[in-house]
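Peer 1: Using the sequences provided together with the hints, build the complete structure.
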Amino acid sequence: GGIITQTPKFLIGQEGQKLTLKCQQNFNHDTMYWYRQDSGKGLRLIYYSITENDLQKGDLSEGYDASREKKSSFSLTVTSAQKNEMAVFLCASRQGQNTLYFGAGTRLSVL
Amino acid sequence: QQKVQQSPESLTVSEGAMASLNCTFSDGTSDNFRWYRQHSGKGLEMLVSIFSDGEKEEGRFTAHLNRASLHVSLHIREPQPSDSAVYLCAVSMGSGYNKLTFGKGTVLLVSP
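Read top to bottom, the protein sequences are chains A and B. Letter 64 of the first sequence, counting from 1, is numbered 64 in our numbering, and no numbers are missing. Letter 84 of the second sequence, counting from 1, is numbered 84 in our numbering, and no numbers are missing.
Treat the hints with care, as some may be off.
[Stated by the list, open to error] The calculated lysine-lysine pairs, modelled on PhoX-like cross-linking and capped at a C-alpha distance of 25 Å, are:
| id | chain 1 | residue 1 | chain 2 | residue 2 |
| --- | --- | --- | --- | --- |
| 1 | B | K99 | A | K71 |
| 2 | B | K56 | B | K99 |
| 3 | A | K41 | B | K104 |
| 4 | B | K42 | A | K41 |
| 5 | A | K83 | B | K104 |
Hints listed in this document are in silico derivations from the structure and should not be mistaken for laboratory results. A quick note: this is a predicted structure, and the numbers were derived from the prediction, not measured.
Peer 2: Here is the structure:
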């Protein structure tokens, strides 16, 4: 079996700070995703990538950048953290039309 | 735009009693439905996927789909305290996860 590793698990930032979240998968999956999960809301897609160096915007891409440096890794950057922002960022991957696997998440708090 | 609503927001059942969770969606052309579970502090775990009207069983988890009623449900047989988690419904057209729309979730508590 494989695993999706997200780092860091917890991230505390300052308002206006640029913050980077990382995701690694050893499934050898082609497609990777970043979702944002807010309390009381469903998951919302930020960015996804169907192959190395590919990048596609989701519904919530404004305020974020992403980079698929290699097949196994997909990073997400919050370009300017918003004060009092709190959310969980979930990375996921899949191969073809198969099941979507999720990481455990990065919990962001902005002071 | 697809809207996915889950009910109830929270549900408490006794260990061993059937737990039933509901999900309604707005786009009648949707044809891909999944139920996920998320334990506190963990990622999402897919429980069951269903693509045509009727039911689909995966162990103790059964999904029922009625696309005419825009409704998909999840039934958990003999729930255990370890089943206490947030249950998320996800709906899309085709197998495109890119267009996967999630509900806000139902918090299930199974009491011993």
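Peer 1: If you check each hint against the structure, which ones fail?
Peer 2: none
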